[in-house]
Amino acid sequence: MEAVHHETSLLLAIILLPMVGSVLVGLFARHSSERTVSILSVGAVGVSFVLALIAFIRLYGLAVGDTSPVLVQQVYEWFELTVPGKGPVPINVRFAMDTLSGVMALVVTGVGGLIHLYAIGYMHEDRSYARFFSYLNLFTASMLILILASNLPLMFVGWEGVGLCSYLLIGFWYENRDYAAAGRKAFVANRIGDFGVLIAMFLIVGVAGSFEFSDINHLAAESAHFTATAAGAGFGAAFPAHPFGLSATFATVACLFLFLGCTGKSAQIPLFVWLPDAMAGPTPVSALIHAATMVTAGVYLCCRLSPLFLLSDVAMAVIAVVATVTALLAASIALVQKEMKKILAYSTVSQLGFMFAGVGVGFFSAGFFHVVTHAFFKACLFLGAGSVMHAVGAHGDADLTKVGGLRKYMPITRWTFLFACLSISGVPLTAGFFSKDELLLGAATMALHGGKTGSPAGWFTYVGLVLAATMTAFYMFRLYFLAFTGDYQSAKGAHDGGSGAGHDDHGYDPHPHESPGSMTFPLIVLGIGSLIVGYLGLPEIVPFVHTHFPIPNWWNEWLGRSVAHLPGHGAHGEVTDFLPSDMANAGGLLAMLVGIGLAWVMYRNKPLKEPEAPGGFYRLLRDKWRVDELYDATVIGPTKALSLFGGRADQTFVDGILARFTQAAVGLTGWVSSRAQTGSMPLYGMVMTVGVLGLLTWFVTPHARLTIEPSGGQTARLVAAAGPGYEYRWDFDNDGRPDTGWSRAPEQTHTYAPSAYEGYELLAIYPAMPVRGERRFKVGDTWTELPFDARFPGWRTRAGALPPTARQTARGIELRPNGADLRFAGPVEDGAATLPPRRIVTLGGVNLIALPKVRSTVEVRNAFGSVSNDTVEVTLPGPIQRRAALDPAEVQR
Amino acid sequence: MSTVMAVSPFLLLVAAGLAIMLLDAFVHERAELAFVTAVSLFGAAALAGAGAIFGVHGPLPSALTSYLAIDRFSFFFQSVICLGGAMTALLAGGYLPEHRLDRGELYVLILFSSVGAMVLASAANLITLFIGIETMALGVYAMAGFRRTSPRALEGAIKYFLLGSFAAAVLLFGSAMLYGATGSLDFAGITESIRSGRADVVMTAIGLPLLLIGLVFEVSAVPFHQWTPDVYEGSVTPATTYMSIAVKTAAFAILVRVLAVSFGDSVSASVSTGWPAVIVALSILTMLYGNFTAIVQSNVKRMLAYSSIAHAGYVLVGVAAISRVGELAVSATLYYLLAYTFSNVLAFGSLIWAGSRGKEAVSYDDIAGLGRRHPGVGLAFSVGVLSLLGFPPTAGFFGKYYVFNAAVQAGGGFVYLAVLGVLASAVGAYYYLKVIVYLYMREPEEDAPVAVPMRSGYVVAALLIAAFGVIEFGIFPGHYLEVALSAAHQLLG
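Heads up: the protein sequence lines correspond to chains H and S, in order.
All residue numbers for the first sequence refer to the working numbering, where the first residue is 87 and numbers rise by one.
All residue numbers for the second sequence refer to the working numbering, where the first residue is 17 and numbers rise by one.
Same shape as in the complex, but just chain H (with noise of 0.2 Å):
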């Protein structure tokens, strides 16, 4: 679909107000009353949602009939680059909002909003309420810096400013060393991630030339047609490369080294671990950026770039293996934990990996839908963890051995966190079930027909998020029954006097409230949301019920406006194979039913009691796979060691010896000039005296030098550097005798006599495969080997054969060919044939020419009858015409 642009001014707009709202709350409002800060941070965001809106509202109207439209903005032009072979590369200021980032910015704004006004409430008396605002103000505006930058440096700008939101909201309780360490943890990984984008971002520039994601989709979507169109007329692979184009070498490249960003900002393996750490900062921050929105970053970049991605199928491959894995690993460490927020981290990095494994089998908008409905069900989840935290006066995370029964105490929580929970398991007609669906649609699609990863890896994806997807269920389900079903263990402690949690030092309320209104607002908005967001993607086939809906799939047809699909699969794509799906819904319920039917058997209404002698594998899931003393061990560790010895090293080497010995030379060169400053005039004049002499010197001496730059044949154009008043006198054959008497001519043209051969060069022209090309040998006096590939055919003939050896004499190159088959029409003595000049000959398959090399010298004389010489060497080429077939007879062994 032909990208269709509308100008707007609407679009930084948006991004600006929660940027202004950060500085004013940030720098001006920070004594403000926390009335003036709620107002000013959450009406920025309040404001800026609405005006998405407009804005998307806009975008829905466009989009009639097949034209996808981008609302574009283009601020202004920061710099041009200037890459090699693309010529100025502009960097813009620009921002555009498509199908795909425009449901994004609803969301961030939206969802992100409904945080905002959530934190009020959460983050009441805190010490540092601004602070919080402000932080939360500038991670929104970085976040629409992300999603609605046009090109890839304006969303890396956006993708560290969420980086560093994420970093400063995490350890926004610095006062804890542990809260600290979590951030610097989180950046660490996220800094690792970031090279990869920035590696991926000039590798896409040097070959696209261009760093505007329409550009680079579009080159993308060409170089796909031109593969596939070439394939399609039987070319195959012999089938040259579209002359601009990507090939899939370098999009695998790309998009691995893209990936390797996405496993950092979106938690994949291998850099999920910083996520659950993450969870040391306030739960709103939980919600919004390590649920909702940031941590989705990685699939909207995917997404963005589909085209790119979808070129390569080793980059698709390994993205949905490593999802599928990721998914996997963090669903099960969630089956064992005993803290809510815990949970729900690992959670999130399980879900994450759902939303890759979309992305991996080539169904981005499946993955995408999975982040909206996501973003609903697990920021109310989130919120509903910190509503519970709330009620019960738990700082950090909420101890599941200590709650459970809250039903009774807080209903609207308790009530929008079945929502939820009913969503994320996947429970039919809510809004995870269909996300769930299409996801597991297009990984049973991948296992049956191929597709782009190939059977294996869409088995494995298919059956891995099955099992996840059971997984998830389970510990959803657990954790609701866990913490809303059974009594409250914490009054019982209370009860007891002091034995039970009464005596831990944050032992929780015994009598647990419900929330305020500015909290429980978002929770029943995010909580109906989580059951009713899923009909935007409402399939096409309604589970076992195998009829076509004259309904298409408004999500998918909608995306595919921006986002590119699988051929075969897509907006009006019929649908004619229905097993697929019926395996997604298959699995889908299957793991739903298991998952929610453990859960009740073994959690309902009873309290968490861990198991006195845990198992071994028990162990291992509490343990997290021990995947951080896995690193700690295999990464962390050895780096330790290694910068440990690195700065024993720089101590004793660098410091030591190169820094002193640096240090030593500039702290001399410093001296020396200082010196030179002695203050003193006599000295000063000197050495302006000698800068005098010297640029005169210059000026009144001839500078002779010489080009010469052959036009075939036995002929060469002669070029000397003009200069003033200058005089040229030339001796072609450089035998120290002028052959021409002074001109003004710079340039000569001169044909050269064998006898003006100073030497001679061997050419070996490669004729075909394996090797096509030429190369050039230095021959000395002696006879030397020549370095020739030995897979050319009919090089030797004998076993134990020497390799082909060659010498120069006067008259050519005498050549050794020591059984190799040699075409030459000449006489061949004492096994050697001597080359004349410019003659091709055939050794093996290859053919081999002597060039001779001549020498000439220039004369210069200035105005000031100075004279000077340049002396120029050069191989004359050999004959224009390649090979002719030669005579059979001519052949000599």
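Keep in mind the hints are simulated off the structure, nothing from the lab.
Where a beta carbon is used, it is the ideal one built from N, C-alpha and C, also for glycine.
Just so you know, not all the hints are guaranteed correct.
Claimed, not checked - Restraint ranges, calculated between C-beta atoms of paired labels, are given here:
1. Leu167(H) to Leu178(S): 23 to 31 Å
2. Val758(H) to Gly196(S): 55 to 63 Å
3. Thr835(H) to Leu178(S): 54 to 62 Å
4. Val150(H) to Gly429(S): 55 to 63 Å
Assemble the complex: chain H is given as a structure, and chain S must be docked to it using the hints.
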């Protein structure tokens, strides 16, 4: 364009200069003179800037054109010189009263030197060139010795005067040779004579280097630089600021005009036989010498003096590249000088701001911990040195980017020149960041006298303007580069 309009910036400044000489006798608060000076210089900058942005339309006054070049290029430089002068006047308005040097001459000197610098930058004739350079220099010599009670200032002034006379004599001799060689005094005639080959080769070959020496002396290129540290250190800081920006800018303007236009033909600008080799050599020497010597300084003002030598080296990279990529290199040079003017005002101005009566901030120790005690000074100083270092997104980054980009586009050996320039900038990071280290990470020694920032609206105003420029040129470099490009286009077209 009428004659009056063409020379309106000059007229405004001369009138202001005369008026201030009169006013000086009557006002009590000399700082008010700073205000008047700055306003008239900003006014002249606006007039000239309009000429640079909107171009020159209609027939040019023929009485002027053989003496003064009336084009976007000269208007651009007039504007930069006036902006630099205006900010210097504001700095002086705070500095002089604080240090009890409150005499009105400095403002008059700034105004008349600026007129000289503008004449130099717009010269279309060897005579105009000489008059411009001498008008500018005489004012600057007097500025250097402004603090009459200080032996260092007088020593610096005398040195500057003697070496400057040497350079002027060389320049005059070179001009005479060129006149003899070509029979013309105006650049158009010289250009025509050289391009047609009628010029005498021997006299041109002697005249051109001598003329060059007279000009590179003013930009303090090595080995014609030795007056710089002594004079810069001895002078009152506003005068130092003025020398490091306006004088250099004017000298670079005429250097570019002479080399790019009069000697821009393929023989004179041949990389193997002509002036580019000389400029490259000067550039290498200047970048290396400036940066390495700046490292060992313990005095911030002296460090900034060497830093200004190093910057002359970077600009020379752009000048050398003119021989290959004319418009690109000329526009890069223009942009660099604009960016450098604002960055240097910010750095020197912060140094002025950091000190007060009886305790001027000069050494690194004087500014230890200043950033924590006085965040405003620290921030201004940091932005200033970061821009001089070429840290994005400041003006200095794009100055360096454009100049080195021009060298890379020029290809051949110029690529190595650009690489050397980048490496030299990396060396520069050492002493620029040292300022930030002292501002924020060092504490003054126990019972050492602590520099207390002065309180002056003038200084703050100058720094705000300079900081605005540094950020503006870094975030919206495109607009200003376009102006520079059209100036370059008109110069070479």
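Do the hints match the structure? See the list:
Remark: the range hint 23 to 31 Å for Leu167(H) to Leu178(S) is contradicted by a beta-carbon distance near 48 Å. At about 41 Å, the CB distance of Val758(H) to Gly196(S) disagrees with the hint of 55 to 63 Å. The supplied range of 54 to 62 Å is met by Thr835(H) and Leu178(S), whose beta-carbon atoms lie about 56 Å from each other. Evaluation of the 55 to 63 Å hint for Val150(H) and Gly429(S) yields a pass: the beta carbon distance comes to about 59 Å.
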